[in-house]
Amino acid sequence: MYKNCAYCGRQFSPVNRTQKYCCSSCKNCSHSSARLANKDTHKLLKASSYYATENGKAEVMRGSHDHTLEANGTSREEWLKMWQERRDNFTFKS
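Take the sequence shown: its letters are residues 1 to 94, numbered as in my numbering.
Some hints here could point you the wrong way.
The list that follows gives simulated cross-link-like pairs (lysine-lysine, DSS-like), each with its CA atoms no further than 30 angstroms apart [stated by the list, open to error]:
id	residue 1	residue 2
1	Lys-57	Lys-20
2	Lys-3	Lys-57
3	Lys-20	Lys-3
4	Lys-27	Lys-3
5	Lys-81	Lys-57
6	Lys-57	Lys-43
7	Lys-27	Lys-57
8	Lys-81	Lys-43
9	Lys-27	Lys-46
10	Lys-27	Lys-43
11	Lys-46	Lys-57
12	Lys-20	Lys-43
13	Lys-43	Lys-3
14	Lys-46	Lys-81
Hints in this document: simulated from the structure, not taken from any laboratory.
Construct the complete structure from the given sequences, taking the supplied hints into account.
Right under this line is the structure:
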């Protein structure tokens, strides 16, 4: 029996009938995305602090914050482009 992940929609074979997420990343991201504080939203939109790291970028690439980005007028692709530009500027100055 297969189910669709409650977060990313991927099909997976659940370990038990109550499992809702395909992996721990989806479970963690769904919970953190729902509780993203205003301060964290600001950091996300500016690609600063945690979101300036490779792990922060990976979280956005997985679609963890699509709802927050779209609610603030930015797409995931636009955010990733901005992230790369910020990274290039930082690397160039260093």
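Q: Mind listing which of the numbered hints don't hold for this structure, in increasing order?
A: Of the numbered hints given earlier, the structure breaks just one, which is hint 13.
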